[in-house]
Structures are given as C-alpha cells and as structure tokens.
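J.: Sequence:
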Amino acid sequence: MKLFAIFNNIMLVLVIIGAFELGGIGFFGIDLIANLFGGTTTTASRIFFALIGLAGIWCISIPFQLKKINNSEPDLRKPI
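Per the numbering used here, the sequence shown runs over residues 212 to 291.
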C-alpha cells in the first residue's frame, strides 16, 4: 500500500509540473519544457508531455481511492 501512495505522489508532482507549464504558457507565453528540451517536437519533450498527460488521467482516480479508504468498515473487535 505504501508503494501505491508513493506512485500517487509522483503522479501528483507531474500534474503540478504540468500546471506550471500551462500557466507559464497562458500567462507569460513561456514554454518551459520546450525551452529545457529544445522544442516541443523533440522526443524528450513529447515523452515528458505524455507522462504529464498520463499522470493527469491517473489523478482522476485519486478521489475514488480516498473514498474507498474512508468508507472502509471499522473493526469493532479492537478496543479504541
């Protein structure tokens, strides 16, 4: 379960990076990833954009994962 939480955190970091990327383009006209990797059509940029997209899709499931964890039945046999 801990590995799953680490994976979720990595995905959230990628989504935050993507948000900064889109904010930089929208507010300032600066494409940070393209500047770092030499353009938007380079292989490295496209891989990075794909990872950010996959992370965004994965993060859609996080609220449902939390709901599943929070709705689990308590063990009434254990003392509090």
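Errors might be hidden in some of the hints.
[To be verified] The following label-pair restraints were derived from C-beta to C-beta distances:
1) Asn-220 / Ala-255: 22 to 32 Å
2) Gly-234 / Trp-269: 14 to 24 Å
3) Lys-213 / Gly-249: 11 to 21 Å
To be clear, the hints were calculated from the coordinates, so they are not data collected in a lab. Glycine is no exception: its CB is placed at the ideal position from the N, C-alpha and C atoms.
J.: Now tell me, hint by hint, if it's right for this structure.
T.: Verification of the supplied hints:
1. Asn-220 / Ala-255: 22 to 32 Å: Since Asn-220 and Ala-255 have Cβ atoms about 23 Å apart, the given range 22 to 32 Å holds.
2. Gly-234 / Trp-269: 14 to 24 Å: holds, 21 Å
3. Lys-213 / Gly-249: 11 to 21 Å: At 37 Å between Cβs, range violated.
The structure is inconsistent with hint 3 alone, although it conforms to all the rest.
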